[in-house]
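A.B. asks: The listed protein sequences derive, respectively, from chains Z and C. The first sequence begins at 1 in the UniProt record's numbering and counts up by one. The second sequence begins at 1 in the UniProt record's numbering and counts up by one.
These aren't lab readings, by the way, just hints derived from the structure by calculation. Be a bit skeptical, because a hint or two may be false.
[As the list claims (entries may be wrong)] Covered stretches of chain C, as calculated for chain Z (at least 3 residues, CB under 8 Å): (1) 62 to 70; (2) 142 to 155; (3) 242 to 250.
Every residue gets a Cβ at the ideal spot worked out from N, C-alpha and C, and that includes glycine.
Protein chains: 2
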Amino acid sequence: MAEHDTIRDKIASQYAELSDRLKVAADYVAEHPLDVATRSLRSLSAASGVSPATFSRLARALGFSSYEEMRELSRRAVGNRALSFSERAGLLRAEARAGGGPVSMLERQAAACIRNIAELEHNTDRRRLTQAVDLLHAARNVVLFGAFSSTGVVEYMAYLANYIAPNWTLAGRMGASLGAALADLGAEDALLVVTKTPYARRAVVACEMARSDGAQVILITDSHACPAIPHANVHFLVPTESPQFFSSYAATVVLIETIIAMLVARSEADPSERIRQVEQRNRGLGEFWPG
Amino acid sequence: MAEHDTIRDKIASQYAELSDRLKVAADYVAEHPLDVATRSLRSLSAASGVSPATFSRLARALGFSSYEEMRELSRRAVGNRALSFSERAGLLRAEARAGGGPVSMLERQAAACIRNIAELEHNTDRRRLTQAVDLLHAARNVVLFGAFSSTGVVEYMAYLANYIAPNWTLAGRMGASLGAALADLGAEDALLVVTKTPYARRAVVACEMARSDGAQVILITDSHACPAIPHANVHFLVPTESPQFFSSYAATVVLIETIIAMLVARSEADPSERIRQVEQRNRGLGEFWPG
DNA sequence: CAACAAGCGAAACATATGTTTCACAAGTTG
DNA sequence: CAACTTGTGAAACATATGTTTCGCTTGTTG
Numbered sequence: 001m002a003e004h005d006t007i008r009d010k011i012a013s014q015y016a017e018l019s020d021r022l023k024v025a026a027d028y029v030a031e032h033p034l035d036v037a038t039r040s041l042r043s044l045s046a047a048s049g050v051s052p053a054t055f056s057r058l059a060r061a062l063g064f065s066s067y068e069e070m071r072e073l074s075r076r077a078v079g080n081r082a083l084s085f086s087e088r089a090g091l092l093r094a095e096a097r098a099g100g101g102p103v104s105m106l107e108r109q110a111a112a113c114i115r116n117i118a119e120l121e122h123n124t125d126r127r128r129l130t131q132a133v134d135l136l137h138a139a140r141n142v143v144l145f146g147a148f149s150s151t152g153v154v155e156y157m158a159y160l161a162n163y164i165a166p167n168w169t170l171a172g173r174m175g176a177s178l179g180a181a182l183a184d185l186g187a188e189d190a191l192l193v194v195t196k197t198p199y200a201r202r203a204v205v206a207c208e209m210a211r212s213d214g215a216q217v218i219l220i221t222d223s224h225a226c227p228a229i230p231h232a233n234v235h236f237l238v239p240t241e242s243p244q245f246f247s248s249y250a251a252t253v254v255l256i257e258t259i260i261a262m263l264v265a266r267s268e269a270d271p272s273e274r275i276r277q278v279e280q281r282n283r284g285l286g287e288f289w290p291g
Numbered sequence: 001m002a003e004h005d006t007i008r009d010k011i012a013s014q015y016a017e018l019s020d021r022l023k024v025a026a027d028y029v030a031e032h033p034l035d036v037a038t039r040s041l042r043s044l045s046a047a048s049g050v051s052p053a054t055f056s057r058l059a060r061a062l063g064f065s066s067y068e069e070m071r072e073l074s075r076r077a078v079g080n081r082a083l084s085f086s087e088r089a090g091l092l093r094a095e096a097r098a099g100g101g102p103v104s105m106l107e108r109q110a111a112a113c114i115r116n117i118a119e120l121e122h123n124t125d126r127r128r129l130t131q132a133v134d135l136l137h138a139a140r141n142v143v144l145f146g147a148f149s150s151t152g153v154v155e156y157m158a159y160l161a162n163y164i165a166p167n168w169t170l171a172g173r174m175g176a177s178l179g180a181a182l183a184d185l186g187a188e189d190a191l192l193v194v195t196k197t198p199y200a201r202r203a204v205v206a207c208e209m210a211r212s213d214g215a216q217v218i219l220i221t222d223s224h225a226c227p228a229i230p231h232a233n234v235h236f237l238v239p240t241e242s243p244q245f246f247s248s249y250a251a252t253v254v255l256i257e258t259i260i261a262m263l264v265a266r267s268e269a270d271p272s273e274r275i276r277q278v279e280q281r282n283r284g285l286g287e288f289w290p291g
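Could you put the whole structure together from the sequences, leaning on the hints where they help?
C.D. replies: Here is the structure:
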């Protein structure tokens, strides 16, 4: 970690060492690189409520020899961004032409994911989304299930849901019986399944069983060929295109986050209260780093 | 053309009226808006070979009441360009149009995630990415850890990794001892931690312990304020902006997928063989729906 | 050629800027 | 409690900045 190319990096690497006031100043610098590059120190001071001296000291604390040197780095930060339109396109082409190879993996993956998300946004039927949220909102109990690669995102969804609804359960967790969770499902309940190619047998069967028990089934999958679709009340097809051997879950995460967000908006109870409570308790247990 | 929004417009509309010397100055201003916004008048003078007085006069000649006013317009020019790379995603416009109209939650969330991914792509240092992949590739054992909201994505990463490397372990799984996993860490091993605000104490401590045992620590987090950064060999700051109460993991997923993809590219063994084997076995166990 | 106007840079000017000093407050140590 | 350390903002400081003045040059007009 000898090299630091951006102010943010420099700030990040020294942040822990800074005093309280310097941290406030550092936060401001990190969040307003354009203003740092552009306005005077005293303007920043006025805008941020931190004294000029503190900014001056911050520069030293970060290892710069003067405030001007820190500003120079900020200049570069906004300068790079300013390049992005025309010049960056040129650079990209040059880079691609250079050896066919070295267009960075990150670039490829990011581009693919952005396309997927844009496609998701474009293709998803809003009424169906509303319908799914209605079902989840009305359900007595909601059971979540995902296997193999989908385990992680479903767990993420369950985590988010716990902040707003106590009646959500993650099924098939740590080898626990999926059957047990399904057995309790009735007409007033909902099952939400995420499954991608190749489709887990258990995911398909879970949908089938839940549906035959009269429960509401919501399915998130990657293709119209998914065998669980016939058993779902509502299903979503999420683009998963990726340059890699595995398919990308980025768009799926977006969909999941959107569903949770819509649930929050729907629920009459203020979620921030429950969030506060949960976090308060975690804090009390010493689970969180004191910030 | 009563209104002129950009310096270029303003210059274009007055250019014919300008004297020779003022034209030179105007040319320079038009071609270097970033420098105008960023450097001092005298620096410009030195760089362009035009006297300070001329720039000052130019501002008046263009209808500004002072040089500072002209600079303000330049500021805005580079500020807009800084935004424009996310505009390439296109969705921003939809969001902007939303002067209060019913823009769907999906639209908002998708736009935010695309911005985050674009920012990640732009801000991430490629060398650092390579460095992280090198560490993971060279490690004898790799331990993954994530708590609370990060549990899911880390699990996802572990799942992907199992296709290409048998020496990756998910720590703290199902209540199993995190300490046990850390105890085995030595200088030849690596720990990869994902943690977001509020930071799990265990995540921070895990980094600290691993580092003091000489292990390589790779950290994925959301802010320079993360207390684990000082204990990491390599860290990544992932944008998590979101219109919701919770932060988005979409960009984090992209980063994780990219790291895995780079590992695949690095490994000499053909991953498809192992993938085929794993899937074959799962198929044999009847885990997959026959497709 | 003289008279004049226009444009320019050097330098003088008032002012804003970044830095440093200083005194004070809060916390720690002996 | 005293001595000391640390962190802070107000203010003093030297300096850099943008503007204006002034004299010079160049080109035009009568």
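A.B. asks: Checking against the hints above, which ones are violated?
C.D. replies: When the structure is compared with the hints, only number 1 turns out to be violated.
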